[in-house]
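Novice: One letter stands for each residue in the lines below.
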Amino acid sequence: MSNQDIYVPQPATLLKKQPMTEYETFYEFKLDSGCELGHGPGQFLEISVPGIGEAPISISSSPTQAGIFQMVVRRVGNVTTALSKLGPGDKVGVRGPFGTKFPVDEVMKGKDILLVCGGIGLVPVRSAINYILDNRRDYGRLTILYGVKTPADRLFAEELAQWKATPEVTVLETVDRGDEAWDGHVGVITTLLPLVQINPAQTIAVICGPPVMYRFVLKELAKMAMEDESIFVSLERRMKCGVGKCGHCQMNDLYVCQKGPVFKYSEIKEVMEAI
Amino acid sequence: MSIKKLDQAALDTWVNKLIANQSVYGVQAKGERFAFGPLSKAEDLRLDYDVTILPPKKYFQPQREDLLEFNAKGEYTSVTETEPFILFGVHPYDVVAIAQMDTIFSADNYDVHYMTRRHNATIVACDVQNASANVFAGCMNTATVTKGFDLLLTKIGEFYLAEAKTPKGEKLLTDLPGGLEPGNLDLARREQVWKDNTGLLRKHKLKCNPQELPGLLEKSYYAPVWEAKAKLCFSCGSCNLVCPTCYCFDVQDDVNWDLQSGKRTRAWDGCLLKDFAAVAGGHNFRSSRTDRYRHRFYRKAKYVAEKLNQIACVGCGRCISACVPKIANPVEVFNELL
Ligand code: SF4
Ligand code: SF4
Ligand code: FES
Numbered sequence: 001m002s003n004q005d006i007y008v009p010q011p012a013t014l015l016k017k018q019p020m021t022e023y024e025t026f027y028e029f030k031l032d033s034g035c036e037l038g039h040g041p042g043q044f045l046e047i048s049v050p051g052i053g054e055a056p057i058s059i060s061s062s063p064t065q066a067g068i069f070q071m072v073v074r075r076v077g078n079v080t081t082a083l084s085k086l087g088p089g090d091k092v093g094v095r096g097p098f099g100t101k102f103p104v105d106e107v108m109k110g111k112d113i114l115l116v117c118g119g120i121g122l123v124p125v126r127s128a129i130n131y132i133l134d135n136r137r138d139y140g141r142l143t144i145l146y147g148v149k150t151p152a153d154r155l156f157a158e159e160l161a162q163w164k165a166t167p168e169v170t171v172l173e174t175v176d177r178g179d180e181a182w183d184g185h186v187g188v189i190t191t192l193l194p195l196v197q198i199n200p201a202q203t204i205a206v207i208c209g210p211p212v213m214y215r216f217v218l219k220e221l222a223k224m225a226m227e228d229e230s231i232f233v234s235l236e237r238r239m240k241c242g243v244g245k246c247g248h249c250q251m252n253d254l255y256v257c258q259k260g261p262v263f264k265y266s267e268i269k270e271v272m273e274a275i
Numbered sequence: 001m002s003i004k005k006l007d008q009a010a011l012d013t014w015v016n017k018l019i020a021n022q023s024v025y026g027v028q029a030k031g032e033r034f035a036f037g038p039l040s041k042a043e044d045l046r047l048d049y050d051v052t053i054l055p056p057k058k059y060f061q062p063q064r065e066d067l068l069e070f071n072a073k074g075e076y077t078s079v080t081e082t083e084p085f086i087l088f089g090v091h092p093y094d095v096v097a098i099a100q101m102d103t104i105f106s107a108d109n110y111d112v113h114y115m116t117r118r119h120n121a122t123i124v125a126c127d128v129q130n131a132s133a134n135v136f137a138g139c140m141n142t143a144t145v146t147k148g149f150d151l152l153l154t155k156i157g158e159f160y161l162a163e164a165k166t167p168k169g170e171k172l173l174t175d176l177p178g179g180l181e182p183g184n185l186d187l188a189r190r191e192q193v194w195k196d197n198t199g200l201l202r203k204h205k206l207k208c209n210p211q212e213l214p215g216l217l218e219k220s221y222y223a224p225v226w227e228a229k230a231k232l233c234f235s236c237g238s239c240n241l242v243c244p245t246c247y248c249f250d251v252q253d254d255v256n257w258d259l260q261s262g263k264r265t266r267a268w269d270g271c272l273l274k275d276f277a278a279v280a281g282g283h284n285f286r287s288s289r290t291d292r293y294r295h296r297f298y299r300k301a302k303y304v305a306e307k308l309n310q311i312a313c314v315g316c317g318r319c320i321s322a323c324v325p326k327i328a329n330p331v332e333v334f335n336e337l338l
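Sequence lines, in order, name chains Z and S. Using the working numbering, the first residue of the first sequence is number 1, and each one after it goes up by one. Using the working numbering, the first residue of the second sequence is number 1, and each one after it goes up by one.
Keep in mind that the hints were calculated from the coordinates and are not lab data. Note that the structure is predicted; figures quoted are calculated from it, not measured. Here a beta-carbon is modelled for each residue, glycine too, at the ideal position from N, C-alpha and C. Hints may contain errors.
Stated by the list, open to error - Just the calculated beta-carbon pair ranges, DEER-fashion:
| hint | chain 1 | residue 1 | chain 2 | residue 2 | range |
| --- | --- | --- | --- | --- | --- |
| 1 | S | Asn335 | Z | Asp253 | 17 to 25 angstroms |
| 2 | Z | Gln18 | S | Lys274 | 57 to 65 angstroms |
| 3 | Z | Glu227 | S | Pro325 | 52 to 60 angstroms |
| 4 | Z | Ile68 | S | Lys171 | 48 to 56 angstroms |
| 5 | S | Val324 | Z | Thr64 | 29 to 37 angstroms |
What the hints assert, rightly or not - Calculated pairs, SDA-like style, for lysine to any residue (alpha carbon to alpha carbon, straight line, at most 20 angstroms):
| hint | chain 1 | residue 1 | chain 2 | residue 2 |
| --- | --- | --- | --- | --- |
| 6 | S | Lys307 | Z | Gly244 |
| 7 | Z | Lys91 | S | Gln252 |
| 8 | S | Lys263 | Z | Asn78 |
| 9 | S | Lys219 | Z | Asp253 |
| 10 | Z | Lys259 | S | Gln129 |
| 11 | S | Lys274 | Z | Arg137 |
| 12 | Z | Lys85 | S | Lys73 |
| 13 | S | Lys263 | Z | His185 |
| 14 | Z | Lys259 | Z | Ala225 |
| 15 | S | Lys73 | Z | Gly51 |
| 16 | Z | Lys30 | S | Lys73 |
| 17 | S | Lys307 | Z | Glu267 |
| 18 | Z | Lys91 | S | Ala72 |
| 19 | S | Lys263 | Z | Asp5 |
| 20 | S | Lys274 | Z | Pro211 |
| 21 | Z | Lys269 | S | Tyr222 |
| 22 | Z | Lys91 | S | Asp258 |
| 23 | Z | Lys269 | S | Tyr221 |
| 24 | S | Lys263 | Z | Ile52 |
| 25 | Z | Lys259 | S | Cys248 |
| 26 | Z | Lys111 | Z | Asn78 |
| 27 | S | Lys73 | Z | His185 |
| 28 | S | Lys73 | Z | Leu15 |
| 29 | Z | Lys91 | S | Thr77 |
| 30 | Z | Lys259 | S | Glu306 |
Construct the complete structure from the given sequences, taking the supplied hints into account.
Specialist: Right under this line is the structure:
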């Protein structure tokens with residue numbers, strides 16, 4: 001029996017903050033305890049703004065980046081709006097890390113990696129990308145597909161450019177609607193898939209994006225002969241407590257806060273409420 | 001553990017003595033119906049009640065409770081309640097429900113808020129004397145109980161038998177003035193009450209063994225009954241609210257007058273409510289009424305049931321009485337799937 005309260009957040013301090021798009025802001029924090037967060041790519045935190053509340057936020061930095069953790073948060077609710085008003089030195093509460101990880105230390109090792117991200121889906125996947133790049137020899141080819149609505153919605157523009165310039169890394173981007181300055185690909189994310197060459201037996205794919213995206217991407221991956229066991233999806237749900245109690249994140253019998261957010265596709269294929 | 005026989009006068013003296021020593025919450029009349037509430041004198045106790053409006057879970061997971069406090073510096077501290085109390089007159093089906101909630105809140109991630117209250121409680125169970133209009137505990141194997149309480153009261157004729165099950169219950173019995181030793185005949189009459197209740201608490205008759213329900217639901221996901229019934233659902237969440245095994249909650253922050261310090265509280269939530277699975281930003285992961293309606297039954301008889309190895313509906317019948325369009329009856333739904 002433990003008398004620790006699973007609902008008490010630990011303090012963290014905002015170090016840096018930078019707007020990324022009209023709605024999304026980049027944040028860098030450190031735990032006041034001086035400890036590492038101890039997360040794996042794909043996990044999430046419950047972030048508290050005192051007096052406003054708590055919200056689940058995915059971690060965007062790689063655990064290889066010591067001393068700090070980073071997030072990109074879209075301003076959509078009370079907590080995320082309050083977060084956007086904080087400045088360096090301000091405190092937040094942190095619970096977690098919670099949930100499952102992208103299997104970067106397991107089945108992804110030694111494989112070619114195909115990452116398919118839509119919109120803010122790049123936020124948690126960036127943690128895996130930087131982890132892979134920091135342990136480059138453990139993985140094969142890295143292919144990143146990234147789709148957003150308009151060029152103004154692109155996150156991590158500088159990093160995207162760096163990744164593009166890295167050998168053995170392919171980055172393909174698309175936008176639903178272009179503008180005058182955009183000379184890249186236009187179309188939904190699935191239109192990028194025919195442009196990549198993969199060896200399905202040698203590849204692990206990861207999908208992360210808005211709810212509508214999964215079904216279409218999965219269909220394309222099946223056409224490319226990707227096995228369901230080699231596809232991982234990161235699913236969003238209302239993660240209110242993060243500890244398997246409040247019921248909000250449930251997807252049929254699965255508590256996404258504990259069994260997810262990262263699932264092997266073959267394990268949730270028959271879960272009706274999953275995709 | 002000991003077992004005593006007492007008449008109504010001895011019971012009243014005993015209860016008044018318990019009230020003098022600590023907080024006692026017991027069943028009392030509330031208009032035409034019954035409710036658990038703070039008990040100030042033995043005469044108010046109504047052990048002949050049929051069912052309470054709300055289940056006794058409110059003493060372990062209050063409708064709204066403080067989880068944490070935060071100060072102006074943004075530091076959070078845990079808030080737990082520490083006062084011991086007696087819950088007097090809990091029916092067997094509610095005893096089973098409490099035992100299920102104990103597992104939910106203690107296993108995996110230990111919930112100190114629920115469990116502190118739970119450890120502070122002494123549960124005096126009471127066998128049912130009058131069946132409510134919609135009870136079906138007899139079909140769910142919850143009409144009688146052998147564990148999950150500290151002391152069990154059973155009415156036999158003009159007397160009660162009080163049997164201690166735990167040291168806590170035994171301690172209560174030491175306060176009992178002039179209890180008699182029951183004879184074999186008394187014990188036989190109690191056996192008869194248990195037998196009778198298993199038959200009497202079946203106002204709705206489940207046409208299968210409850211153990212078969214998870215398997216039944218396994219093949220019923222697309223059955224027409226979900227949509228047919230859900231069409232009439234108001235998404236009011238009453239069926240969740242009155243259920244002794246519903247425990248989902250929402251969490252919110254309340255700020256004090258200084259606008260800096262405050263409390264984080266949690267409150268009952270219900271999966272039938274429209275926005276239960278909606279995330280900030282607008283997407284609702286269970287936007288269809290049918291999906292929400294079905295989810296409750298799957299939780300009761302499959303999802304939570306498989307976790308607990310026991311059906312998470314104890315047959316109290318509260319949801320049946322609470323549902324205005326009369327679609328919440330689990331027996332009706334399960335029978336239709338058979
Ligand atoms: S589902 Fe209905 S009958 Fe079953 S325990 Fe809950 S309120 Fe009682
Ligand atoms: S009580 Fe009845 S109407 Fe209300 S949410 Fe439950 S099933 Fe729907
Ligand atoms: S977020 Fe509360 S149960 Fe998963």
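Novice: Against each hint, give a clear statement of whether it holds in the structure.
Specialist: For each hint, the structure was consulted:
At roughly 23 angstroms, the beta carbons of Asn335(S) and Asp253(Z) sit within the given window of 17 to 25 angstroms. Separated by about 37 angstroms at the C-beta atoms, Gln18(Z) and Lys274(S) break the suggested range of 57 to 65 angstroms. The given range of 52 to 60 angstroms is broken by Glu227(Z) and Pro325(S), whose C-beta atoms sit roughly 47 angstroms from each other. In this structure, Ile68(Z) and Lys171(S) meet the distance hint of 48 to 56 angstroms, their C-beta atoms being roughly 54 angstroms apart.
Here the CB-CB span from Val324(S) to Thr64(Z) is close to 57 angstroms, at odds with the stated 29 to 37 angstroms. Taking the CA atoms of Lys307(S) and Gly244(Z), the gap is about 12 angstroms. The hint holds against a cut of 20 angstroms. Proximity of Lys91(Z) to Gln252(S) is assessed by CA-CA distance (about 18 angstroms); at most 20 angstroms being required, the pair is judged to hold. With a C-alpha separation of about 16 angstroms, the suggested pairing of Lys263(S) with Asn78(Z) holds against the 20 angstroms cut-off.
Using a Cα cut-off of 20 angstroms, the hinted pair Lys219(S) and Asp253(Z) holds, with the two alpha carbons roughly 15 angstroms apart. Restraint check: the Cα-Cα separation between Lys259(Z) and Gln129(S) comes to about 44 angstroms, which exceeds 20 angstroms; the hinted pair is violated. The hinted pair formed by Lys274(S) and Arg137(Z) fails the criterion: a straight-line CA distance of about 49 angstroms is larger than 20 angstroms. Proximity of Lys85(Z) to Lys73(S) is assessed by CA-CA distance (about 16 angstroms); at most 20 angstroms being required, the pair is judged to hold.
This hinted pair does not check out: Lys263(S) and His185(Z) have alpha carbons roughly 50 angstroms apart, beyond 20 angstroms. Among the hinted pairs, Lys259(Z) with Ala225(Z) is inconsistent with the structure: their alpha-carbon atoms are about 26 angstroms apart, more than 20 angstroms. Restraint check for Lys73(S) and Gly51(Z): satisfied, since their Cα atoms lie roughly 11 angstroms apart, inside the 20 angstroms limit. For the hint pairing Lys30(Z) with Lys73(S), the CA-to-CA distance comes to about 17 angstroms; that is within 20 angstroms, so the pair holds.
The suggested pairing of Lys307(S) with Glu267(Z) holds, with an alpha-carbon distance near 18 angstroms, which does not exceed 20 angstroms. Between Lys91(Z) and Ala72(S), the direct Cα distance comes to roughly 11 angstroms. Compliance with the 20 angstroms bound is thereby established for this hinted pair. About 15 angstroms separates the Cα atoms of Lys263(S) and Asp5(Z), which keeps this hinted pair within 20 angstroms; it holds. Our distance criterion of 20 angstroms between C-alpha atoms is met by Lys274(S) and Pro211(Z), whose separation comes to about 18 angstroms.
For the hint pairing Lys269(Z) with Tyr222(S), the CA-to-CA distance comes to about 17 angstroms; that is within 20 angstroms, so the pair holds. For the suggested pair Lys91(Z) and Asp258(S), the alpha carbons sit about 18 angstroms apart, so the restraint of at most 20 angstroms is met. Under the criterion of a C-alpha separation no larger than 20 angstroms, the hint pairing Lys269(Z) with Tyr221(S) is consistent with the structure, at around 15 angstroms. Simply put, Lys263(S) and Ile52(Z) have alpha-carbon atoms about 10 angstroms apart, close enough for the 20 angstroms limit, and the pair holds.
About 18 angstroms separates the Cα atoms of Lys259(Z) and Cys248(S), which keeps this hinted pair within 20 angstroms; it holds. The straight-line distance between the Cα atoms of Lys111(Z) and Asn78(Z) is roughly 41 angstroms, outside the 20 angstroms bound, and the hint therefore fails. For the given pair, Lys73(S) sits about 49 angstroms from His185(Z) by alpha-carbon distance, which is inconsistent with the 20 angstroms threshold. For the hint pairing Lys73(S) with Leu15(Z), the CA-to-CA distance comes to about 17 angstroms; that is within 20 angstroms, so the pair holds.
Between Lys91(Z) and Thr77(S) the alpha-carbon distance is near 15 angstroms, which keeps this suggested pair within the 20 angstroms criterion. Using a Cα cut-off of 20 angstroms, the hinted pair Lys259(Z) and Glu306(S) holds, with the two alpha carbons roughly 16 angstroms apart.
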